[in-house]
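Number of protein chains: 2
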Amino acid sequence: MVQYCSGLDTGFAALAAGTRRGILEHLGRGDASVTDLALAFGMTLTGVKKHLHVLEGAGLLTTQKIGRVRSCTLGPRRLEVEAAWIQGYRQMLEGRLDSLGEFLERTKGESA
Amino acid sequence: MVQYCSGLDTGFAALAAGTRRGILEHLGRGDASVTDLALAFGMTLTGVKKHLHVLEGAGLLTTQKIGRVRSCTLGPRRLEVEAAWIQGYRQMLEGRLDSLGEFLERTKGESA
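Residue numbers (this note's numbering), protein chains in the order written: chain P, 1 to 112; chain R, 1 to 112.
Incorrect hints may have been included.
Identical copies look the same in the list; a pair holds intra-copy or inter-copy alike.
Stated by the list, open to error - Dumping the calculated SDA-like pairs for lysine to any residue here, alpha-carbon to alpha-carbon at most 25 Å:
#1 108 / 47
#2 108 / 21
#3 49 / 90
#4 49 / 10
Hints are computed from structural coordinates only; laboratory data are not their basis.
These numbers were taken from a predicted model, which means no experiment stands behind them.
Start from the sequences, fold in the hints, and give me the full structure.
Structure follows, in structure tokens:
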């Protein structure tokens, strides 16, 4: 079993390439072999394997050799920590905007 | 005004470093000068400027020189597209799990 890093650095870095996001979306429609993915993305096997290695290292997919075919499946991670970080950040920004709105409303009342 | 790229590649790459996420969280509590940030993160001015350049290039912060001080503010982007992509991906995964659950339920009913 491949060791993977569940850190945010590794997760976000894995998402920072259109081809890798495309591979995740493709596997969302069903498991695929490395050869299928290379064909779907018009890449060499070596090229697609590099992307798969990054995704596997981030825990976003696993590969398994069945006979002569290496098959790719999504998981075990489902971008939980990345989603939580972005949500927390956006909530903080909304909180700041709300505070600013309340301040402006209060100031308007005081100056009326 | 600095040109920025609103692409997912640039946004996710900007988030793929703990220091850069820390800078965003720090600025969420209020604007800060480049010197403040260098002190807060125990970095050199050159080091922190490299991270600010990446964040500014992704549209996640802007800098403005006021007198002799360069001040950093969050925005204009608020990780909208990154949040939407991750949400879409996770919804797709949930959809797959729901389908699998329905299939198993149906199969169980048939075999009963």
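Cross-check of the supplied hints:
no.: 1; hint: 108 / 47; in the structure: neither (60 Å within a copy, 42 Å between copies)
no.: 2; hint: 108 / 21; in the structure: neither (47 Å within a copy, 35 Å between copies)
no.: 3; hint: 49 / 90; in the structure: between (34 Å within a copy, 24 Å between copies)
no.: 4; hint: 49 / 10; in the structure: both (17 Å within a copy, 22 Å between copies)
Hint compliance for this structure: hints 1, 2 are broken, all remaining hints hold.
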